[in-house]
Amino acid sequence: MTTTAQRTRTTSYVNAILEAQRQLLTADPNVFLCGEDVALYGGVFGTSRGLMAEFGPQRVVDTPISESGIVGMAIGAAATGLRPVVEIMFMDFVGVCMDQIVNQLAKMRYMFGGKATLPVTIRTMAGGGRNMAAQHSQSLEAWFCHVPGLKVVMPSNPYDAKGLLVAAVRDDDPVLVIDNKMQLGMQGEVPEDLYEVPLGKARVVREGTNFTIVATSRMVQEALAAAEQLGADGLNVEVVDPRTLQPLDIETIATSVRKTHRALVAHEAVRFGGIGGEIVAQIQEEAFDYLDAPVGRVGAPFSPVPFSPALEALYVPNRDTIVTEVRRILGKQV
Amino acid sequence: MVDGNEEEQLLRDLHRRMVRIRVFEEEAGKLMEQGKIPGALHLYVGEEAVAAGVIAHLSAEDQITSTHRGHGHLVAKGGDFRLMYAELFGKAAGYCKGKGGSMHIADLDLGMLGANGIVGGGPPIAIGAAFSNKYRGTQHVTCCFFGDGASNEGTFHEAANMAALFKLPVIFVCENNGFGEFTRQDRHQAVRDIADRAAGYGMPGVIVDGMDVLAVHEAAGEAIARARRGEGPTLLECKTYRFFDHVGVRGMGVVYREDSEVLEWRKRDPITLFESHLADAGVMSADAAAAVWLEVRSEAQDAITFAEQAPYPASAALLEDVYATPV
Amino acid sequence: MPAPIGIIANPASGKDIRRLVAHASVFDNEEKRRILRRAVLGAVAAGARHFVLMPDSHGLARSAFDGLDGEIQCESVAVPETASALDTIRAAAQMRATGCGVVITLGGDGTNRALALGWRDAPLIAISTGTNNVFPTLIEGTIAGAAAGLAVTGAVSPAEVAPQVKCVAIEIEGEPDDLALIDAALVAQRHTGARALWQPELLRAAVLARAEPAATGIAAVGGLLRAVSGAEDQGLGLWFGPGGVRLRAPLAPGLYRDIDVRETRLLALGEPVALAGPGVLALDGERERVLRDGQRAFLRVQRDGPRVIDVHRTLHLAAQRRTFVQGGGSNPSEIEIGARIWR
Chain A
1 MTTTAQRTRT TSYVNAILEA QRQLLTADPN VFLCGEDVAL YGGVFGTSRG LMAEFGPQRV
61 VDTPISESGI VGMAIGAAAT GLRPVVEIMF MDFVGVCMDQ IVNQLAKMRY MFGGKATLPV
121 TIRTMAGGGR NMAAQHSQSL EAWFCHVPGL KVVMPSNPYD AKGLLVAAVR DDDPVLVIDN
181 KMQLGMQGEV PEDLYEVPLG KARVVREGTN FTIVATSRMV QEALAAAEQL GADGLNVEVV
241 DPRTLQPLDI ETIATSVRKT HRALVAHEAV RFGGIGGEIV AQIQEEAFDY LDAPVGRVGA
301 PFSPVPFSPA LEALYVPNRD TIVTEVRRIL GKQV
Chain B
1 MVDGNEEEQL LRDLHRRMVR IRVFEEEAGK LMEQGKIPGA LHLYVGEEAV AAGVIAHLSA
61 EDQITSTHRG HGHLVAKGGD FRLMYAELFG KAAGYCKGKG GSMHIADLDL GMLGANGIVG
121 GGPPIAIGAA FSNKYRGTQH VTCCFFGDGA SNEGTFHEAA NMAALFKLPV IFVCENNGFG
181 EFTRQDRHQA VRDIADRAAG YGMPGVIVDG MDVLAVHEAA GEAIARARRG EGPTLLECKT
241 YRFFDHVGVR GMGVVYREDS EVLEWRKRDP ITLFESHLAD AGVMSADAAA AVWLEVRSEA
301 QDAITFAEQA PYPASAALLE DVYATPV
Chain C
1 MPAPIGIIAN PASGKDIRRL VAHASVFDNE EKRRILRRAV LGAVAAGARH FVLMPDSHGL
61 ARSAFDGLDG EIQCESVAVP ETASALDTIR AAAQMRATGC GVVITLGGDG TNRALALGWR
121 DAPLIAISTG TNNVFPTLIE GTIAGAAAGL AVTGAVSPAE VAPQVKCVAI EIEGEPDDLA
181 LIDAALVAQR HTGARALWQP ELLRAAVLAR AEPAATGIAA VGGLLRAVSG AEDQGLGLWF
241 GPGGVRLRAP LAPGLYRDID VRETRLLALG EPVALAGPGV LALDGERERV LRDGQRAFLR
301 VQRDGPRVID VHRTLHLAAQ RRTFVQGGGS NPSEIEIGAR IWR
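Residue numbers (my numbering), protein chains in the order written: chain A, 1 to 334; chain B, 1 to 327; chain C, 1 to 343.
Not one of these hints is a red herring.
Some chain B residues close to chain A (C-beta under 10 Å, calculated; not the full set):
| no. | residue |
| --- | --- |
| 1 | Gly94 |
| 2 | Gly117 |
| 3 | Ala159 |
| 4 | Leu165 |
Simulated from the structure, these hints should not be mistaken for lab results. Given the structure is predicted, the values throughout are model-derived calculations rather than measurements. Every residue, glycine too, gets a C-beta built ideally from N, C-alpha and C.
Chain A extracted, bound-state conformation:
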């Protein structure tokens, strides 16, 4: 934490985002927000409520439902000196603007020999749990971690939500900030002033001694709950939240694994091809000699996100899935 904040109070995750955006708009005249229903309506998740009234429609801009147009507008604005903060309402909608993100935004700096600076922040909302079915519930962070030129952030609590967003907006590279819609009501201590949580720095959320769970976004809370439960098994679980997936702070993760000798990675995205596979690979590269067990992965099963509450409950990983997987890993040990 680069800035020591003087005053904190308990507030919600959504308020943390709103406050970050308000303070960023105040601090930097080149910052503007745009996206679908971000202005008059205040964002469908309330993350920009009241900001149009405060900063005017020039700086808090309602756009048509045109994701490619929105992201492209941010690229052109950033290339000419502005610092756009774009909201793609649901992460699933990135499908209609992938070219602008992947072929334009991510590559422009490199293709132009370093001459373009593109401080674009794309905020978007991932995750299931609200029965919004297959096109409003996905966690697609792995797509973007795979693309050189992009940075990817997934906060897991109100403090990080504000600090990471501030860092993302102030960063001179394109950053996707992926929030989870189930966390919006989550309460936590949040400093009143502007502060940054640096990009690329993982956090040890819970210290432990003999098992590491690397968990992202909403899975951090599930991992903490699992850790409590696993205490009964005699495990003292350490929980590490990477916070930034690209660039990935493998050192903090590897340090933890070298200490605990066993690890599991948990994310909400589909397990196959998820970022967990990359993290596991890097753990074995960095800490192979320290491992006492195969490194496990928890993720969603290989299906689209189902609508029915009965099925969605099976789909999204949770404390129990994590506990089961940890026990399976341990059970394999002789």
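Chain A is already provided as a structure; the job is to place chains B and C on it using the hints.
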């Protein structure tokens, strides 16, 4: 109205811009055929009047977005031949340090926001630059070049709608050369005039003869002035023709068009037409025109020599410039 | 079989810079196609069976015939497509050679001027789909087509309803002749540029075959000073500049400008007006011909233009002749009798 001298200066300027494009492209084509330039080249020969006529109105603070056929736009915007050829050769001295090549050639200092390997990639970026011009309270405009093929991409429609909605200072310049890559226009869209689509977004749509640099220049001037006045975007369709193939040089003896058609359009070569007009108007004799060609050819030869001799990027460059602030 | 009907639909009309510098509408090609479709249906209903088209890259004109039965013969003249006025000029000449009985044009003044350059005295029905439309008229395509059909079947002969119109014949020293159907103006420019005419300060002089107060363009400038109808055997000359009157006139759709007119003079048919360069001659509202320093052009109003069919009169005559009444040739009393018997 410009006075006589200013006007003659403008005419000579337009001529030189077109000649520079033609010479740059023809030489690039030769280098490609000789195997000296790696990768793919999409050459602008035949369409010079569009880039020259539009860009002559712009300063370095006005931006353009370009296409895969982008050399002409950068040349018209004042691109340095040496840095351009060096980029085409993949050399470290190139505009993009050799990391972009033909399809991504750019010079942000000149307001050239990049050629683009994705058809339809440019329009959303163009409205962003235009948004920025307006946001920053400037009078600058953005010209978005795109083709008849790109007009079928969703990005064009999104950008056109947003530009009109936000009254952005952007000019959508459609270089309708009658082909989307190798597919004739009547086989890729049911409409013939892209300008017809302007009404669908609530902006004026205008057609000009894209082989007549003065027609393009005058219409673009009006559209740009309108944008600078804050009255919003215009769709300017320039009817033009690609003398060469979609990629490379060969333009005749191909399956997707008749040679007779190419020859018919070549009769309306924008540079020949303009030189004949300049001679009639007493602005530039055939000898004076020939001198411009000579001068530009020599500029190109010097630049090619420079580019050929320039070193390739060092290995370390591979991982540079992925991020502005690597973590 | 009745003579063929020539069809020239200019895809480029209604799309020039006057959408930007003035307030003209975009006339899209889908609308033109539908008008043409209605014209074809009207012509077929009136007995036409054979059509000759100017081709275009997208087959816009041809698509107006989609789904019509095999009795309808439709062919394209063979001209290379250049997306310029040259297409219309060449097509018109070929239509004359083919023996077309009438030509239907969709376009503006410029389109009809090009037609006249290819076929000076063509029997013509001109449907307006352009910008400055003094020559073609806003008429329902169905009815225009019906009139064309009546012309080629001989039900109402063009000789009855199609007086030859005036035009401005133009000789240019050392260069090919030219033509304007409504007006020719000299403007103080050296290039044709984006063609259209909208800046009053550039006007030097004009010769008008017709001066129409209820029009836009140069015809309106003259018409608001001294109307000269198409029927009158005279034209109007205008010389611009201070020292005369200041007139407010619509130089283009929606674009009123104050214009200084130094002199207005009626011109007898055939009376030459000499205009000298440098300048550009704008013909029917479009800058077309560059005059070099001292190069002269001689302009004369003549009655040797197209023979324009009066559509309303044609349909009135057809009604009188009961052309559309089933059974043909019946008079009112027979109809009434027949109706009574049937009842």
